[in-house]
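Number of protein chains: 2
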Amino acid sequence: MKVGVLGTGMVGQAIGSKLTELGHEVKMGSRESGNEKAVAWAAEAGDRASEGDFAAAAAFGELLFNCTAGEHSLDALEAAGAENLAAKTVVDVSNYLDHSAGPPPAVGLSHLDSVAANIQRAYPDARVVKTLNTVNADIMVDPGRLPGEHVMPICGDEEAKPGVVELLGEFGWPPDRVIDLGDLSSATGMEMYVSYWLALMGALGTSQFNVALSR
Amino acid sequence: MKVGVLGTGMVGQAIGSKLTELGHEVKMGSRESGNEKAVAWAAEAGDRASEGDFAAAAAFGELLFNCTAGEHSLDALEAAGAENLAAKTVVDVSNYLDHSAGPPPAVGLSHLDSVAANIQRAYPDARVVKTLNTVNADIMVDPGRLPGEHVMPICGDEEAKPGVVELLGEFGWPPDRVIDLGDLSSATGMEMYVSYWLALMGALGTSQFNVALSR
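Sequence lines, in order, name chains A and B.
Heads up, the first sequence is in the numbering used here, so the first residue is 1 and it goes up one at a time.
Heads up, the second sequence is in the numbering used here, so the first residue is 1 and it goes up one at a time.
Since the hints were derived computationally from the structure, they do not count as laboratory data.
There's no promise every hint is true.
Copies of one chain are not kept apart here, so a pair can be met inside one copy or by any two copies together.
[What the hints assert, rightly or not] Quick list of in silico lysine to any residue cross-link-like pairs, SDA-like style, CA-CA up to 20 Å:
id : residue 1 : residue 2
1  : 88        : 24
2  : 161       : 203
3  : 161       : 204
4  : 37        : 79
5  : 2         : 163
6  : 161       : 202
7  : 88        : 165
8  : 88        : 157
9  : 2         : 59
10 : 161       : 180
11 : 161       : 214
12 : 2         : 86
13 : 161       : 24
As the structure is a computational prediction, the values presented were derived from the model and not from experiment.
Work out the full structure: start from the sequences and follow the hints.
Shown next as structure tokens:
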């Protein structure tokens, strides 16, 4: 599969590298082609990796990952272009972190809304799915780093979700540990959860954790 | 110990009953003494149980539980009276749920603030501790209902926390499963988490769950 990965940070690099290892072709997108981090990533990730601006990455991908910071995601997707998003699955991994008064950063754009729902409203022809934002980047693509039956929530477009669940399976998340939270209204809780996650990270002294369900 | 439990709902009743079973004396507080639910609860909970208005319950307790709905907590504490809160541990179990546009209800008063921090600011002489709001009422007082090493976060006043951790131990939460998230700034994450909890409850079809940590 051809995948466009928007964003050159730790999350974009982790997901881009995992996808190329799995045999997918990946174009990493950034504000301008030739971005230093994207070029270095593409050189290291091998033949199936390339880079370009947001529009080039979005046009390249049959499926897109939004790995930009939530504060900049709508700008990044505007640069990607509505015509390059239409009818495509857009997996939104973003978190909205306001560092202006931190640390710790303030989490979320509102307790009543989510980045993912904003993206869906701005691009009604895209098929937005929210997942993976609830763990550190390395755990997103290698859940076996942690013991136990820890879980990954997903929500969003019903037609796009099965394909994303399959991709999560390639990443190492068994289907019975992927919790379907329904439509994108659940993205609010998934993004707000990160405020709790940050407090837990502070208490545990590590980002290497996730939650499992006792029921 | 004499404990004032503010609130007559499921949470207040569960905590009040558990405390009387443990041998503590409990006065349940509500807007006006003689509240039907409080009277029925006190009759059933036995000799160590009584009821009164918010001020009577707050005056009675050496330690207080705020089990009112988060939307009404500041009003309830105002009725309780600053003089009845001063120098006392106030365990805030509340959640702020706005049902006006639900279901599901909107969670939290803001992604940047918490009920617990508002209480502490309004009553600087009180010792506010946030805990227990992350699980259903029956699990708060009987964590053994669920299998596994599921956890309970706590945050707030440093001098008050050890006593609350001890009380959580009486409820059935071993100290190593109580996660200290530091000061009250972590209450934002604990209250925002409930948005995620509600989505999980919808997906799982039950309120009988909690999260454990894989690390």
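Hints, one by one, checked against the model:
1. 88 - 24: Close inside one copy (16 Å), not across copies (60 Å); limit 20 Å.
2. 161 - 203: Between. Shortest inter-copy distance 15 Å satisfies the 20 Å Cα cut-off; intra-copy 33 Å does not.
3. 161 - 204: between (32 Å within a copy, 18 Å between copies)
4. 37 - 79: Only inside one copy: residue 37 and residue 79 sit 19 Å apart there, 58 Å across copies, limit 20 Å.
5. 2 - 163: within (14 Å within a copy, 57 Å between copies)
6. 161 - 202: between (32 Å within a copy, 17 Å between copies)
7. 88 - 165: within (15 Å within a copy, 50 Å between copies)
8. 88 - 157: within (11 Å within a copy, 49 Å between copies)
9. 2 - 59: within (10 Å within a copy, 67 Å between copies)
10. 161 - 180: Classified as within; 9 Å inside a copy, 36 Å across copies.
11. 161 - 214: neither (25 Å within a copy, 25 Å between copies)
12. 2 - 86: within (16 Å within a copy, 63 Å between copies)
13. 161 - 24: within (19 Å within a copy, 51 Å between copies)
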